[in-house]
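Taken in sequence, the protein lines are chains A and B. Under the working numbering, the first residue of the first sequence carries the number 1, and numbering increases by one thereafter. Under the working numbering, the first residue of the second sequence carries the number 1, and numbering increases by one thereafter.
One or more hints might be untrue.
A pair counts as met if it fits within one copy or between any two copies, since identical chains are not told apart.
Pairs of lysine-lysine residues, derived as DSS-like cross-links and limited to a Cα-Cα distance of at most 25 Å, are as follows [claimed, not checked]:
1) K46 with K338
2) K128 with K367
3) K190 with K317
4) K107 with K120
5) K194 with K272
6) K24 with K55
Hint data in this document are derived by calculation from the structure and do not stem from the laboratory.
Protein chains: 2
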Amino acid sequence: MAKKVLKFGGTSVGTIDRILHVAKIIKKEFVAGNEVIVIVSAMAGKTNELLEQSKNISKNFNKRELDVLLTSGEQVTSALLAGALNEIGVNSKSWLNWQIPILTEGKNTNARIINMNISKINIFLSNKGVAIIPGFQGISKNGDITTIGRGGSDATAVAAAKIFNADSCEIYTDVDGIYSSDPNKIPVAKKIDKISYDEMLELSSLGAKVMQPSAVQTAMMYNIPLEVKSTFTDRDGTKIFSEESIDYSKSVTGVAYSKDDAKITMIGVQDKPGVAANIFEPLGKNQVNVDMVIQNISLDQKTTDITFTIKRDDLLKTIDILKKNKNVKYDTMSHNNKVSKISIVGAGMVSTPGVTYRMFRGLADEKINILAISTSEIKLSVIINEEDTLKAVKKLHTIFDLD
Amino acid sequence: MAKKVLKFGGTSVGTIDRILHVAKIIKKEFVAGNEVIVIVSAMAGKTNELLEQSKNISKNFNKRELDVLLTSGEQVTSALLAGALNEIGVNSKSWLNWQIPILTEGKNTNARIINMNISKINIFLSNKGVAIIPGFQGISKNGDITTIGRGGSDATAVAAAKIFNADSCEIYTDVDGIYSSDPNKIPVAKKIDKISYDEMLELSSLGAKVMQPSAVQTAMMYNIPLEVKSTFTDRDGTKIFSEESIDYSKSVTGVAYSKDDAKITMIGVQDKPGVAANIFEPLGKNQVNVDMVIQNISLDQKTTDITFTIKRDDLLKTIDILKKNKNVKYDTMSHNNKVSKISIVGAGMVSTPGVTYRMFRGLADEKINILAISTSEIKLSVIINEEDTLKAVKKLHTIFDLD
């Protein structure tokens with residue numbers, strides 16, 4: 001017997017038929033003797049529908065009321081799933097944010113879970129009941145409803161796994177695990193059986209939208225084993241552990257890429273303390289999300305070149321902000337709005353010599369021009385022309401034995 | 001300055017545009033210096049949609065979870081309306097069932113409001129805030145979500161008016177008041193300016209679906225003045241008072257009718273104590289709603305004839321139950337599944353001689369056959385053949401000076 005947290009995402013509970021199917025998955029775990037705590041998302045599309053309604057009322061809809069509005073989505077799923085379980089003979093109850101309560105701190109629409117009162121639920125579990133908890137939400141100390149950001153049901157699941165001291169936390173979704181690259185584009189991409197938290201974080205920040213990164217981070221912090229698996233097949237998913245638990249036979253675990261990027265290079269920037277802050281502060285204030293930043297060593301000690309990438313949609317806005325910025329002196333600015341970022345990720349990279357060399361050699365063999373490079377402990381990213389994206393991903397996938 | 005409870009029904013908040021319109025009505029009352037407490041229903045169609053989802057999961061959906069499910073509808077409207085008010089510069093907050101809390105007793109799906117904790121809301125009101133409260137719901141003593149039956153937002157409004165000691169309770173809906181008969185069928189029907197609680201109760205139990213009868217009853221019990229008015233026009237609605245406050249210039253206030261009725265007559269029923277209970281108990285247990293019951297005096301002191309009406313849909317089921325009932329002896333049973341009930345209603349009737357005679361004479365003039373008669377203090381109902389319905393209503397409307 002184990003204590004399990006099962007989390008079902010929006011597509012997994014997107015229709016009544018799927019909710020009935022999810023109830024069967026839960027029943028199987030329950031009948032096997034496990035104590036089961038279920039976290040649910042809103043039905044697929046529901047949160048966007050509610051958000052759309054709020055936008056039709058105000059572009060700047062009151063954030064307290066937005067949280068009241070959005071949390072209704074998970075409330076509906078919780079009730080429907082609890083009803084479906086009772087229908088098939090499993091004693092089940094929904095436990096809403098305020099009934100537990102799930103205590104959060106921080107602002108509306110962007111709060112953090114700090115605790116759950118689990119004593120009543122634990123009694124219910126030991127009396128052979130399945131508890132259904134709405135994800136994505138909680139209440140503040142003064143009793144307002146709060147939400148914890150899009151994709152927040154993952155965070156609720158990980159928090160529940162920690163607070164209930166669960167043996168596992170299973171994230172049911174519409175894909176059957178984490179892949180070495182995007183399986184829709186790279187047919188030879190393979191499902192990864194085991195992956196470290198670090199690698200998962202790099203992959204998810206690079207476009208693998210399977211789990212919310214901050215939830216993975218929390219799991220890493222408390223060493224909570226995760227498993228990402230499909231609601232629609234019986235196959236094993238991808239297990240996410242700490243690095244120590246993983247035997248690295250391969251230096252590189254996956255190849256990720258992001259699209260819709262743009263690159264800006266500022267040449268001859270006057271190099272003095274605070275110049276980077278002067279450049280990026282106005283961008284941040286205007287909601288421009290800067291991804292990679294590369295600053296070359298200045299040869300003359302007086303000027304430097306700074307390259308950074310942003311989302312393509314933000315390009316015109318960003319150029320405009322930079323041109324109006326009186327606090328930064330530079331010679332010229334160039335931009336390229338058709339670039340993409342390719343990354344190889346692997347916790348084994350750091351201990352495997354030659355990974356960097358092999359990546360650059362592979363891209364050169366394909367005559368792919370590297371526009372910028374950035375590295376971290378377990379990741380190596382390059383910016384290339386967008387047209388070369390798939391060619392590059394396939395080549396790297398082959399080079400690092402992922403096919 | 002007055003303290004007002006304003007209640008907006010499902011069609012009044014059925015779209016985003018209508019919610020924006022309702023926000024303007026509320027702002028007008030607020031700017032005029034009133035303290036405003038708003039009760040909202042779910043957006044039109046929402047409750048049925050959620051109910052449908054539950055039925056697709058189970059014909060016998062868990063009642064606790066059904067209440068969790070259904071209450072999400074009013075939560076959504078509350079948040080959207082509070083957001084709309086803030087957008088037009090009116091400080092407003094939604095107060096959910098558990099945040100107040102609205103305390104109820106009784107079973108899930110059929111609870112009664114017993115109290116609201118209004119201290120926090122009163123502080124909010126005096127700090128120039130408009131409070132939005134979801135109708136139809138509350139919580140039980142052990143913290144479960146409860147609902148108070150379909151149309152329950154009216155009951156919430158009346159309960160709020162009582163507990164807040166409000167000066168008025170205005171029910172905004174999609175009709176502009178109570179009419180002397182159905183204006184869609186009887187073009188000469190007129191809006192009633194003032195009506196007593198009793199008359200309103202009789203009219204609503206007879207098919208005028210403007211307000212939930214039990215809410216009118218509560219208003220009567222605590223003498224809370226009501227006004228039913230349209231969300232979509234500026235005109236005055238119908239004011240509902242105690243009888244003493246109304247000057248009766250007319251003996252009859254309105255003519256109501258119900259359709260889809262069926263009549264059953266049992267002839268030669270052995271007349272002994274408890275026979276009526278023996279007939280009607282099995283019907284009640286099988287959810288057959290019996291409306292009128294007429295028992296003729298038995299001439300031979302041994303047998304009696306009993307006539308009663310039911311909804312037409314229940315006719316076959318009712319006959320079946322009666323035939324299987326071993327506790328009741330009778331000679332023959334006849335039925336008529338094409339009847340309707342016509343009622344004249346008026347608190348002034350009791351003090352006006354000849355109302356009964358004029359009604360029967362009017363129907364006779366139109367050669368309308370009366371199949372059964374039933375009377376109360378302020379109501380006189382007859383059962384006639386369905387085909388004569390409109391002819392009868394028009395005739396009575398004219399006779400009693402309602403055109």
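Consistency of the hints with the structure:
no. : hint           : result
1   : K46 with K338  : neither (33 Å within a copy, 46 Å between copies)
2   : K128 with K367 : neither (62 Å within a copy, 69 Å between copies)
3   : K190 with K317 : neither (39 Å within a copy, 62 Å between copies)
4   : K107 with K120 : between (27 Å within a copy, 22 Å between copies)
5   : K194 with K272 : neither (45 Å within a copy, 81 Å between copies)
6   : K24 with K55   : between (37 Å within a copy, 18 Å between copies)
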